[in-house]
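J.: Taken in sequence, the protein lines are chains A and B. FYI, in our numbering the residues of the first sequence are -9 to 540. FYI, in our numbering the residues of the second sequence are 402 to 637.
Hints were generated in silico from the structure; no laboratory data involved. Mixed in with the good hints, there may be bad ones.
Partial chain A-side listing against chain B, Cβ under 7 Å, derived [claimed, not checked]:
id: 1; residue: K27
id: 2; residue: I28
id: 3; residue: R31
id: 4; residue: D40
id: 5; residue: N43
id: 6; residue: S118
id: 7; residue: I122
id: 8; residue: V125
id: 9; residue: G158
id: 10; residue: G165
id: 11; residue: I182
Computed from a prediction, not measured in an experiment: that's the story for all the values here. Every residue, glycine too, gets a C-beta built ideally from N, C-alpha and C.
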Amino acid sequence: AMDTDLSSQDRKDLDKFIKFFALKTVQVIVQARLGEKICTRSSSSPTGSDWFNLAIKDIPEVTHEAKKALAGQLPAVGRSMCVEISLKTSEGDSMELEIWCLEMNEKCDKEIKVSYTVYNRLSLLLKSLLAITRVTPAYRLSRKQGHEYVILYRIYFGEVQLSGLGEGFQTVRVGTVGTPVGTITLSCAYRINLAFMSTRQFERTPPIMGIIIDHFVDRPYPSSSPMHPCNYRAGEDNGAVYPSVEDSQEVCTTSFSTSPPSQCVFTVTKAHFQTPPPVVTDTLKVPVVGLAFSHQLSSSRLSYQPAALGVGSADMGYPVLFAGGLNAAHPHQLIGPGKEGGVPPIPSQPAHGTQADQERMCTPLDGVHYSAATPSSSEDTETVSNSSEGKCGSPHDLLETIFIRKVGAFVNKPINQVTMANLDIPFAMFAPKNVELEDNDPMVNPPDSPETESPLQGSLHSEGSSGSSTGNTHDDFVMIDFKPAFSKDDILPMDLGTFYREFQNPPQLSSLSIDIGAQSMAEDLDSLPEKLAVHEKNVKEFDAFVETLQ
Amino acid sequence: LSFPHRICRCAPPRATPAMNCRAEVLEVSVEGRQVEEAMLAVLHTVLLHRSTGKFHYKKEGTYSIGTVGTQDVDCNFIDFAYVRVSSEELDRALRKAVGEFKDALRNSGSDGMGQISLEFYQKKKSRWPFPDECIPWELWTIKVNVVNLANEQERQICREKVGEKLCEKIINIVEVMNRHEYLPKMPTQSEVDNVFDTSLKDVQPYLYKISYQITDSLGTSVTTTMRRLIKDTLAL
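All chains should be modelled from the sequences, with the hints used to inform the complete structure.
T.: Next comes the structure, spelled out in structure tokens:
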């Protein structure tokens, strides 16, 4: 037809498709970096809520963050939606790994059918995204996160910023879909230079902080219209009827969820936070706020730090070398010694769904706010999001408990480390060591209510997502931690999840460490000439001995 | 009532793809124990893109589409993970074909070279007594070269290298898929079995068949084996 303008229905549909495509794209990317395997079920009967005919779960926090970043707008020329994936070590150093970009260019395909071809191609593009998110280097890194580092995400909207990826980053294109208003492209730029040798390259304080997402001042697009169920028919010929689709629910605060132990992606929503002072390997001071769950979380932060690598001092950033192709089978061994392992401050996490616990959970701890979500395939995705209102506590309520890690036999560790290897009690290493700790035990002495509220705390759940240009919408990363099913939140911080995480990443055997191996080899080689000389001297005796054998 | 779509048998496959059939070739070198996982990774990735949800036809020629779930699969012998469609039936069918391919490779006494092909086709009905025609529209061929490794260290390197290679293959596959080239038209209810495999209960891949060839040391193809992975009953 001569009419090349989009009908208003088509235009509405297209906008809706693009919006949900953007939201689903973010879900796929973030879920692929949670560190665990994703599994969703096929369903032969349309359920009415699976966009693009794909079963992709919606983690509410992630949707929330994405919507906040988009602020009612859609990707357009010059306005791209970006999901930045970065790595943050337990010492607070971080590094950008990938930027996933959803962009729109001007090349229009006027002939294409919106409700049919565009929709199906967007579905295909999401499948490609599922496949590609597993083949970039960050995937393998994210599967091993939890002990020495975590993987974070940040969503922003506006101009793509690739400078944080280091030199020589590579790009992979996921795909494109032409539409009457422009061509949607989805691609990923990823870092390949993963050796970082100095603190200059990354900041001690999280670099994500302070970056204002608010890239634009005016918003030409009005907010998208209210959602309608997608329930129309195409004409005589084969059209597609799409199942009734509802807008995804805005989830504010729900109860905590259980899911298999997994790693964390956490939100840092404040401008600054302090990392705790580094501590000696194997004896970690873990800041603890509130009850129970702090123990659980902190124990997961115990890191195995073999001293073998013998590089660096506390002043340099530690050299962390990721092998090319990032097949670091034992990430813990890459952290050099002399660099004492600290852990990021971790707030408590609520028990299942109790209000009191949720309030505790909301405590922003020195700028780090954690919320939990689950990627599991349970039908109700229950999560705690960072938008609940009941804030309490303050960053000053840090308590410290000393946990001694009991290290197994043959484990590669420096000799002068403190261990409690002679303790008989199971999980003794996690029990508070002495009376002093008991005083700090929140069970015994509950924390005082906050005296001052840090001004930054207020910004945590600030003024909705309207992206005011005063811009305190630092919705950067969302922490997603998982409690394993059936785990108990005892005083003892050891639980199923922790145990599972730990035995999955056992410390390296000392005999396998390069240093000791090389050392003894060198010694052997050195001592050879001596040994030979001795044997030569005694050659007559040896010969006599041999005679007796014959 | 609704038997016709079962009663057909395709003409024997053509030796070469038809003129309008898109053909892609991938090559991998793997250790013997990696063959299955590598093949499954590639085949599942292709089928992920070439499967839809089940169609449910309604009045007036409209239809709704079911939902496709996906899941991550970790390889045991390769440092690699891939996504596949959540369908046990489909997984079983692929594993069966790949298992046969692997056995044939092992038993052939050849140098360990062979290829496995995944062909997507449409059925075109012919008049009796002629069998229906199978017209391929996309052909994926994976050439495999099995290597023998001497020690554990080499095996470890192989795990990593093959993992990296498979990442490249996935990117290649996605590139092809993104070209949005010919796809069969969405069929009416009466035609759906000429385009899609509707025998699975949870997903609906395009009609496909998997075949393989083992190359003997002279480089000629010794056996060609057809495996039909859709149920078919005898024609006539």
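J.: Each hint needs a verdict: does it hold in this structure or not?
T.: Structure-based check of all given hints:
no. : hint : result
1   : K27  : holds (4 Å)
2   : I28  : holds (5 Å)
3   : R31  : holds (4 Å)
4   : D40  : holds (4 Å)
5   : N43  : holds (5 Å)
6   : S118 : holds (4 Å)
7   : I122 : holds (6 Å)
8   : V125 : holds (4 Å)
9   : G158 : violated (17 Å)
10  : G165 : holds (4 Å)
11  : I182 : violated (12 Å)
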